[in-house]
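**Q** Residue strings, one per chain:
Number of protein chains: 2
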Amino acid sequence: MAVNFQALAEEFTKFYYAQFDSDRAQLGNLYRDHSMLTFETSQLQGAKNIIEKLVSLPFQKVAHRISTLDAQPSSPTVGSVIVMVTGELLVDEEQNPQRYSQVFHLVPEGGSYYVFNDIFRLNYS
Amino acid sequence: MAVNFQALAEEFTKFYYAQFDSDRAQLGNLYRDHSMLTFETSQLQGAKNIIEKLVSLPFQKVAHRISTLDAQPSSPTVGSVIVMVTGELLVDEEQNPQRYSQVFHLVPEGGSYYVFNDIFRLNYS
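Protein chains in written order, with the working numbering: chain A, 208 to 332; chain B, 208 to 332.
Because the hints were derived from the structure by calculation, they are not lab data. Just so it is clear, the structure is predicted and the values come from calculations on it, not from any experiment. Be careful, since some hints might not be right.
[Said to hold, decoys possible] Here are a few chain B residues that sit away from chain A, every Cβ distance over 10 Å (derived from the structure):
| hint | residue |
| --- | --- |
| 1 | His271 |
| 2 | Asp277 |
| 3 | Pro283 |
| 4 | Arg306 |
| 5 | Ser308 |
| 6 | Tyr331 |
[Said to hold, decoys possible] Which bits of chain B does chain A cover? Going by a derived footprint, with three or more residues having C-beta under 8 Å, they are:
| hint | segment |
| --- | --- |
| 7 | 237-246 |
| 8 | 284-297 |
| 9 | 321-327 |
Cβ coordinates follow ideal geometry from the N, Cα and C atoms, glycine included.
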């Protein structure tokens, strides 16, 4: 079966950010025990630690806006996908969005995908 | 053998950009036939096509400056690495750098690494 990696990545990312922006405590089922998150200078491993980190971020309201999204298959055999997003983050009552870059490495499992790698950086100017 | 993924990624990226900025026609041995490059909206596959694209970019002088570099192992078994770079690109006589984001997926082969995935985007503001 040919996989449309770009469409898959767009669907996943749309779902991920919608969940993040409404209730990020519920993202745990998208990570596994061996999943990794780099969030700015913090490095976490495992769904539990990753969600604790995401929930602890110091904002109440948050909205992600995608500027670019590019996807490539990351393996000749397994069906995994690398996604790079550049976008804007709006938090709380802040008027000026912060630009960010994020990578997801998605691995198929049981008809769905989980996040193996997640790297997030704000783009300081 | 434990691999220091961050150090490996920094070493690779330093070498890659030094080669890119001095003579990007020589980057071909870092890609394979199944390697992929997304450069802005262009998608290329294979070392030959990728190098043709890089050489065709419309600047003579170019310098990459890394702002952030983060790496994670991308597989529990194979030793492959995902690297996300954010940085600044200075081309020709332009005084204002352009910000960019780039992902490399590095795969080990014969004691070295090649680029399986390469995604590059300028960060438009």
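**Q** Please go over all the hints and tell whether each is borne out by the structure.
**A** Hint check results:
1. Even its closest Cβ contact with chain A, about 15 Å, leaves His271 (chain B) beyond 10 Å, as expected for a residue assigned away from the interface.
2. The beta carbon of Asp277 (chain B) is not kept farther than 10 Å from every beta carbon of chain A, the shortest such distance being approximately 5 Å.
3. Listed as outside the interface, Pro283 (chain B) is inconsistent with that label: its C-beta sits roughly 6 Å from the nearest C-beta of chain A, within the 10 Å cut-off.
4. Distance check on Arg306 (chain B): its Cβ comes as close as 6 Å (rounded) to a Cβ of chain A, failing to clear the 10 Å threshold; non-interface status is violated.
5. Interface exclusion of Ser308 (chain B) from chain A breaks down, the closest Cβ pair being 4 Å apart, not more than 10 Å.
6. Remark: the non-interface label on Tyr331 (chain B) conflicts with the geometry, its nearest Cβ contact in chain A lying 7 Å away (cut-off 10 Å).
7. Residue count for the segment 237-246 of chain B with a Cβ under 8 Å from a Cβ of chain A: 3. That meets the three needed, and the coverage hint holds.
8. With 3 residues carrying a beta carbon less than 8 Å from a beta carbon of chain A, the segment 284-297 of chain B meets the three-residue requirement, and the given coverage holds.
9. Coverage of a stretch by a chain is defined here by at least three residues with a beta carbon nearer than 8 Å to that chain's beta carbons; for the segment 321-327 of chain B and chain A the count is 3, and the condition holds.
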